[in-house]
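Chain by chain, the residues run as shown.
Protein chains: 2
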Amino acid sequence: MATAALVIIGNEILSGKFPDENGPFLIRRLRELGCDLARLVVIPDEPDVIAMEVRTCSERFDHVFTSGGVGPTHDDLTLPSIATAFGVAVHRHPTLEAIIRKRLGDACNDAALRMAEIPEGAELWWDGEVRFPLVVMRNVAIFPGVPALFRLKFDAVAHRYAGVPMGVERLWTERTEPEIADLLSEAAARWPDVAIGSYPRFELSPARVLVTLESRDPAALAASAGFVQAGLG
Amino acid sequence: MATAALVIIGNEILSGKFPDENGPFLIRRLRELGCDLARLVVIPDEPDVIAMEVRTCSERFDHVFTSGGVGPTHDDLTLPSIATAFGVAVHRHPTLEAIIRKRLGDACNDAALRMAEIPEGAELWWDGEVRFPLVVMRNVAIFPGVPALFRLKFDAVAHRYAGVPMGVERLWTERTEPEIADLLSEAAARWPDVAIGSYPRFELSPARVLVTLESRDPAALAASAGFVQAGLG
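So the protein sequences, as listed, match chains A and B. For this note's numbering, add 872 to where a residue sits in the first sequence, where the first one is 1. For this note's numbering, add 872 to where a residue sits in the second sequence, where the first one is 1.
The reader is advised that the hints may include incorrect statements.
The list cannot tell twin chains apart, which means a pair is met if one copy fits it or any two copies do.
Below 25 Å or equal to it, Euclidean Cα-Cα: the simulated DMTMM-like pairs (lysine to aspartate or glutamate) are [unchecked claim]:
id	residue 1	residue 2
1	Lys974	Asp999
2	Lys889	Asp982
3	Lys889	Asp934
4	Lys974	Asp1065
5	Lys974	Asp1089
6	Lys889	Glu1046
7	Lys974	Asp920
8	Lys974	Glu1001
9	Lys889	Glu1001
10	Lys889	Glu995
11	Lys974	Glu992
12	Lys974	Glu1075
13	Lys974	Asp908
14	Lys889	Glu992
Hints listed in this document are in silico derivations from the structure and should not be mistaken for laboratory results.
Could you build all of it, start to finish, from the sequences and the hints given here?
Given below as structure tokens:
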């Protein structure tokens, strides 16, 4: 199944100026789509850090999403940093330049045109008949950080990331984690294609543990959930 | 100023089963304390991934916080993975073993005692007179993922991470980012110790841009904020 990473370029998140809305949104949407998010990282607006993180994620995962750093100001460094990640230059793309010039008219300036400077070899995706296309460099889709725009642009291309959604069973127990640890270990060993998680919720009264079982194999999911449920008593 | 990274070990976050509460909490608390969070990463419950991420963060940042994976079940892999990160073994710490045996009594079993198996050379921090100490391996403080416990244990040791809080100025403008880009670039060049951020909020009516200036140098902060404010008109 396809794996994905989200790289959030955001001093404003790390410093607490804004809460991260794009992470929770993408987690939910990828889950619905059946694409496995394997990494979420928030990094500062620093070209070297952006380039290294994007390169590493591009190599390790099928899909990479970046969020932020694509506007016209001095702190918008994502596009040239992604070019660095892939060892290419940026060039001013004529289609993007035309869109920006048309939209801004006399207010168009060099700062605005930086948004048209994309890595050489990047594609433009026009899904959803957006006015400004999504810029995609190899397996890296480059999204704006503003949450409303991130959501709009992701939903336009979401169909490209559709896979097989994960099946989930949730079981609650008032037994403690030490008491159920052997049971869960046995289930994990018997059904290697089922991911089993155990989450104590001490703040509930009485305290409870949520056991989750997840798999794309419905038969294995049902069998393992039945085994664990029986063992929990 | 000290830098920090937060490594959240959490399939349950990546898969959307629980929202991440520890990231927002730590972002806020480190900000108040004056410690700069430079990286926040959410990774799956996989030993190789945990070991690599912890090792990398330990080398790059002054402080590393991990969240999650320290309970008694099969999906709790953080302690042995951190041992791997530093090339040491785990050993059963007699003090931790005694605490667990005393607390659980007859219910104590091998699963529970896995929580006493910590990397060789790790320290125990007893700040705040907690019943169970914080386990710290070199510059890596190892926290439980359950949000209520994470907060409790962080607040007990927070004083160790106190620095000089960042000063912030926030300026709002109805001018667009392209219009103010040159002004901000000039300010960024004139005051290199001031971090300047620009955040368009298209969802506001009329649309506005939030400009933030941050520095630990009050004179530079005041001068740069005055310069930008004057330029915004």
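Within, between, both or neither: Lys889, Asp934 at alpha-carbon 25 Å: Intra 31 Å, inter 22 Å, cutoff 25 Å: inter-copy only.
State whether the alpha carbon distance between Lys889 and Asp982 is at most 25 Å within one copy, between copies, both, or neither. Classified as neither; 28 Å inside a copy, 45 Å across copies.
Is the C-alpha distance from Lys974 to Asp999 at most 25 Å within one copy, between copies, in both cases, or in neither? within (21 Å within a copy, 61 Å between copies)
Intra/inter-copy verdict for Lys974 and Glu1075 if alpha-carbon distance must be at most 25 Å: between (56 Å within a copy, 22 Å between copies)
At most 25 Å between CA atoms: does that hold for Lys974 and Glu992 within a copy, between copies, both, or neither? within (23 Å within a copy, 64 Å between copies)
For Lys974 and Glu1001, with the copy left unspecified, which applies at a CA distance of at most 25 Å: within, between, both, or neither? within (17 Å within a copy, 65 Å between copies)
Using 25 Å as the alpha-carbon threshold, which applies to Lys889 and Glu995: within, between, both, or neither? neither (32 Å within a copy, 34 Å between copies)
Homo-oligomer pair classification [Asp1065, Lys974; C-alpha up to 25 Å]: neither (53 Å within a copy, 37 Å between copies)
Under a CA distance limit of 25 Å, which applies to Lys974 and Asp1089: within one copy, between copies, both, or neither? neither (51 Å within a copy, 42 Å between copies)
Can you tell me if Lys974 and Asp908 fall within 25 Å by alpha carbon in one copy, between copies, both or neither? For Lys974 and Asp908, the Cα distance exceeds 25 Å both inside one copy (39 Å) and across copies (41 Å).
Please work out whether the CA atoms of Lys974 and Asp920 approach to 25 Å or closer within one copy, between two copies, in both situations, or in neither? Neither, since 33 Å and 50 Å both go past 25 Å.
Pop the pair Lys889 and Glu1001 into one bin, within, between, both or neither, using alpha-carbon distances up to 25 Å. Classified as neither; 33 Å inside a copy, 33 Å across copies.
Consistency with the previously given hints fails for numbers 2, 4, 5, 7, 9, 10, 13, 14, ordered from lowest to highest.
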